[in-house]
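On the provided structure of chain V, position chain L as indicated by the hints.
Protein sequence lines, in the order shown, are assigned to chains V and L. Heads up: the first sequence begins at 1 in the working numbering, then just goes up one per residue. Heads up: the second sequence begins at 1 in the working numbering, then just goes up one per residue.
What the hints contain is simulated information worked out from the structure, not anything from laboratory work. One or more hints might be untrue.
Claimed, not checked - Cβ-to-Cβ under 8 Å is the rule here; a few derived chain V residues that face chain L:
#	residue
1	H55
2	G59
3	A68
4	L74
5	K76
6	P77
7	A100
8	L124
9	N254
10	C255
11	A259
12	L394
13	Y397
Unchecked claim - Calculated Cβ distances over 12 Å to all of chain L for the following chain V residues:
#	residue
14	D69
15	S164
16	S165
17	S170
18	D198
19	T209
20	I212
21	P223
22	E236
23	L242
24	D244
25	D271
26	G290
27	C321
28	E325
29	K409
Where is the CB? At the ideal position from N, CA and C, for every residue including glycine.
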Amino acid sequence: MRNVGIIGIGYTPVFVSKRKDVNIAEMISEAVEDCFANTGLGPDDIDAMVFGNMHTFEGVNMPHLWAADYIASLGKPVMRIATGGTTGMSAIHAAYYHIASGLHDVVMVVCFEKQSEGDSQVGLMGIVTPEIMAMLQAGIDISGSSGMGALAGGSAGAISFQASSYLARSGAGIEHIDGMAALERRNAAKNPYAHLKDANATAESVARTALISYPIRFGHICPTSDGATVAILASEEKAAELADGAAWIHGLANCASDASAGNILEGVITDPAEQMPCQLAAKQAFERAGIKDPKKEIDCVEIYNGFAHQTLMFLEKLGMCEVGEAHKLLDAGELEINGRCPVNASGGVVSTNAIGTSAMNRVTECALQILGQAGEHQVEKDVHKALSHGWGGLMQYVTITVLADKPRKG
Amino acid sequence: MNRKIAIAGYRMKAASDLVTTRERLTFELTRGLFDDLGIDRDHVGTTIFATNDFLDGRTISNVFLDPPAGVYMRDESKVEMDGLSALVYACMRILSGQYETALLVAFGLCGSQVSPYLHVEYTLNPTYDRQLGLLNELSAAGLQARSFLNKFGYSEDLLDEIAARNLRNAALNRDQARGIKDASAKDIKDSSYLYEPLRELHTYPATDGGCAVLLASETKAKELTDKPVWILGMGQSIESYYLGERNLYESRSTREASGRAYAMAGIDKPEAEVDFAEVSSLFAQQEPILTEALGLYGPGDAEKAYAGDNGIAGSLPVNPSGGPLGAHPICATGLFRLNEAIKQLRGEAGKNQVKKAEIGVVHGQDGVCAQQNTVVVLGI
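Here chain L stands alone, though its shape is the one from the complex:
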């Protein structure tokens, strides 16, 4: 990267029902962020939205966000993907030298207004896959979970362990929409199957939520905050739409994306150099699949990892925040991971704080079984 970029500040909000409108939420997040930083809209060079017309229930949904985000008579664009991809675009705009600051606004009101699963159902080939009704986000996740368990010879107990860990962590984190205090594997097993072996509590909750993030060039960031968090590397990749073309027990495109991000950040041995990870694992099995693809744990290491290493107090914590099993506001989830990583790097994560936080990796995804992935490396 030809210039350094930092995250100067963020605001985030999630609940199962926020009892709000998209415009109101956008205004509260943006205004709150501006107040945190002591700025107004004149300090914002460019704005990138990460929202989805399908979820928002209206065509060209970004245009109604222009006034509440302070973009009236200004420049904005929309990345209709997970927010972490919008962050990549915002960084590009700053790196080009055209802008010094960029505002990101991302949200999904999927808890109160629309079924979150429809969003993925409508990405499917409309002639065959969608109309047959066999393939959907949950059935595909069930196949992925089975493929993962079979490949490494794990029992379903592992999924329960992963979910229990995340929901326990989420209960400690006030920015999550769902958490279960002292959740045990038995609590998870008591929830019903959606698509065997996938149970209800292995799955993300329908969530209302959003966030606003301000990125800034080095000079600007130092004016705006004493605790800048630097973007060290970014990478993206996509793989086949067809599940039959993919090995569902691994994430090839996450591996490609993280390879690019680590190369940019100058990281050769992620398992040794990265201190913690926040990954968009929408279903329990995705957490070990993604951390393996991020080069943090080896294939087949999951049982060992969940015995201790990747907990909040472990040597390489994964989703100390509780991850997307605590909240999945579609389009904002990748940026929620980013914000959770910022908390860790600034030492502001409270009960979720890990011991050592100097370099963190965050991940966002789109599509069925994480077809498309974005990885960002952060540091202080």
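Next comes chain V alone, as it looks inside the complex:
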């Protein structure tokens, strides 16, 4: 198969709660221009584009149509990808296949979310509202997790089931979620593109934030951000011609399971902390990347963690440590930027969450680590291989990308 590498990255100048100074199309154009400025490339170098976001958050259907004039896409093939929280990484995967297929050589990925334009939790409740209505009509008890998700206000309500289950199974305590959130807020303080930053965050300071839905505190939860991310991917020949270096895609996979959170009529509830799709997708991506022992071979990880317990939970699901071990790594300081297994050096989704970009930023942040361009949040150890994880759907859809500093052989 053809090698595909990431040769350029661009961000909006900031990721913040409300960008009142620009509209959606203008905001996206900032990231496109930043990417062109960073790479010295221009629209003529780009063969095709991939575009992604979750349109229910802004209420603009297929916004690539409106944005077409702003993102240097006129006259080019443009493909719009939308898979929910994972959209950004699904878009990277689409760009990979654009090039791996041999049909294109240089592809630009453009993802954004401008959540201040709408209400994200209303958008998210749109996932389960039809189920809830049907259940109410049929007189079914709606105290299952999808019902609670809607009733408790979108994702935080649903996620408390997952966090409780994770704590019960792993032996971790709520103080570990506090500690993980604090670590990521501190990392975010080093990242100019992060949204929620706190250089002095501690487990104790997070523990003082309000309890939203046990065991989830306000300090464990991602913000809603406005921002856009752009990346340029290229074939091996074009990368050599156009760029000084690249982060190479060695393996990618995704997996989906059943979206219903359980069949309440039959008394079956899916354990939202099992995350079988994550385990299967990681296994497949590692196979494709030729990785036998991720614990030894992966140098840094970027995890999609809308909520801080997910960093720990997914480390276990991804095979980066044994089940029940993640919180011990946290206690030992191994997940820090200078640790043995640095996680979310960027601050993660829990610190910055413009949803269309969230899964994409996991990949671009891994790429920056491999290229040694992460600046203040560059991890201490040398990064040869990095793992990025995207999570979404109705808590059942996972994307994985493995990046490396050299092209894949054979």
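What follows is chain L alone, placed relative to chain V:
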């Protein structure tokens, strides 16, 4: 293309109201396709959906299709565009060598569940264009029709001819949702104006519909079917959102997309080499505009073409199936064109069958006045 890709099979269904759910429709189409080919979900390498959250009325709508499409614990992605673009992605996945087969599922339940016009209204700039309410899918189509008629000096009668032809053809085709047996230009003129010169019967009908298509690499396709239809070329392009930046009487991005598709297929003279076309003309005037952009008819040739050449029995038929004036299940329409072309190439189109069908071109679109277009060339 580094390897050959064929369409092994398809299922399609359309009506003004299918009285079904998205999940039920997905299951019936997928299961039906699997039964046609004698396979089960283990034969499917990857799945691409073409649906739209806005039409489906729910966020991340693809995830509820995973079980009915047999994607449980499998790989899938969603292209939130017309299905023909999803076909391009599915082909890329096979061409990469990662997969041998790809399932496409596309549908829009727009006849029974939501106004189809809202879908486009919500693509508009929310601050100005949408709130003013002057610009919408129909008013833009009215402007496009007027621009086309004025440019070439045609009368509104031409639009009636185009619509009557399509609705007559659609009446012969059991896969269409709407058709008018022996429709005449007068029948069309009797329908009321929506936005002058655009009349109700110049316009696509609100449709429930969907389809499932299985793509396969050469080796796999030969195992699955005796009648593979090969994908020879693909091309896509987009043009400006702003109507004022565009000449509405032509389709620049379709011309760019078809240029790419023909180059890939090694076609130099489409007007001579292509046997028929199935285009996503959502409004009567779009059919001549698109066929001109596809290089099949010259600019200003429309009156001559509709006098005979592009009918089912003509030398270069356009939309022998009846086209989207017979059914426009948004997101599936481009793949409906594909499936109609497959019928022609396999000689299974019945009363809609054209005389010679060895190379066909199909087209799908998104946006106001076909802002974004995809062209695929098929052969046997």
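Going through the hints against the structure:
Interface hint status for V:H55: upheld, as the beta-carbon distance to the closest one in chain L is roughly 6 Å, under 8 Å. Proximity of V:G59 to chain L holds as hinted, the smallest CB-CB distance being about 7 Å (cut-off 8 Å). This hint holds: V:A68 has a C-beta 5 Å from the nearest C-beta of chain L, less than the 8 Å allowed. This hint holds: V:L74 has a C-beta 6 Å from the nearest C-beta of chain L, less than the 8 Å allowed.
For the restraint placing V:K76 at the interface with chain L, the shortest Cβ-Cβ distance is roughly 7 Å, inside the 8 Å limit, so the hint holds. With a least beta-carbon distance of about 4 Å to chain L, the hint placing V:P77 at the interface is held under the 8 Å criterion. For V:A100, the interface hint holds, since its Cβ comes within 8 Å of a Cβ in chain L; the closest pair sits about 4 Å apart. Checking V:L124 against chain L by beta carbon gives a least distance of about 6 Å; that is within 8 Å, so the hint holds.
Among the interface hints, the one on V:N254 holds; its C-beta lies about 5 Å from the nearest C-beta in chain L, closer than the 8 Å criterion. At about 6 Å, the closest approach between the beta carbon of V:C255 and any beta carbon in chain L falls short of 8 Å, and the interface hint on this residue holds. A least Cβ separation of about 4 Å between V:A259 and chain L falls short of the 8 Å threshold, and the interface hint therefore holds. The interface hint given for V:L394 holds, since its Cβ lies 5 Å from the closest Cβ of chain L, which is under the 8 Å cut-off.
Residue-level restraint check for V:Y397 holds (minimum Cβ-Cβ distance to chain L is 6 Å; threshold 8 Å). For V:D69, the non-interface assignment is contradicted: its Cβ lies about 5 Å from the closest Cβ of chain L, within the 12 Å cut-off. At roughly 23 Å, the least C-beta separation between V:S164 and chain L is larger than 12 Å, which holds for a residue marked as non-interface. The beta carbon of V:S165 sits about 20 Å from the closest Cβ of chain L, which is more than 12 Å, so the claim that it is off the interface holds.
No Cβ of chain L approaches the Cβ of V:S170 within 12 Å, the least distance being about 23 Å, so the stated non-interface status holds. No beta-carbon of chain L comes within 12 Å of the beta-carbon of V:D198; the shortest separation is about 30 Å. Every CB of chain L lies more than 12 Å from the CB of V:T209, the least distance being 27 Å, so the non-interface label holds. Interface exclusion of V:I212 from chain L stands, the closest Cβ pair being 21 Å apart, more than 12 Å.
In this structure V:P223 is separated from chain L by more than 12 Å, as the shortest Cβ-Cβ distance comes to about 19 Å. No beta-carbon of chain L is positioned within 12 Å of the beta-carbon of V:E236; the least distance is around 14 Å. Distance check for V:L242 against chain L: the nearest CB is about 21 Å away, which clears 12 Å, and the non-interface claim stands. At roughly 26 Å, the least C-beta separation between V:D244 and chain L is larger than 12 Å, which holds for a residue marked as non-interface.
For V:D271, the condition that its CB be more than 12 Å from all CB atoms of chain L holds, with the nearest at approximately 15 Å. For V:G290, the condition that its CB be more than 12 Å from all CB atoms of chain L holds, with the nearest at approximately 15 Å. For V:C321, the requirement that its beta carbon stay farther than 12 Å from each beta carbon of chain L is met, with the minimum near 23 Å. With a minimum CB-CB distance of about 25 Å to chain L, V:E325 clears the 12 Å threshold, and the non-interface call stands.
The claim that V:K409 lies off the interface holds: its Cβ sits roughly 16 Å from the closest Cβ of chain L, which is beyond the 12 Å cut-off.
This entry does not satisfy hint 14, going by the numbered hints stated previously; all others are met.
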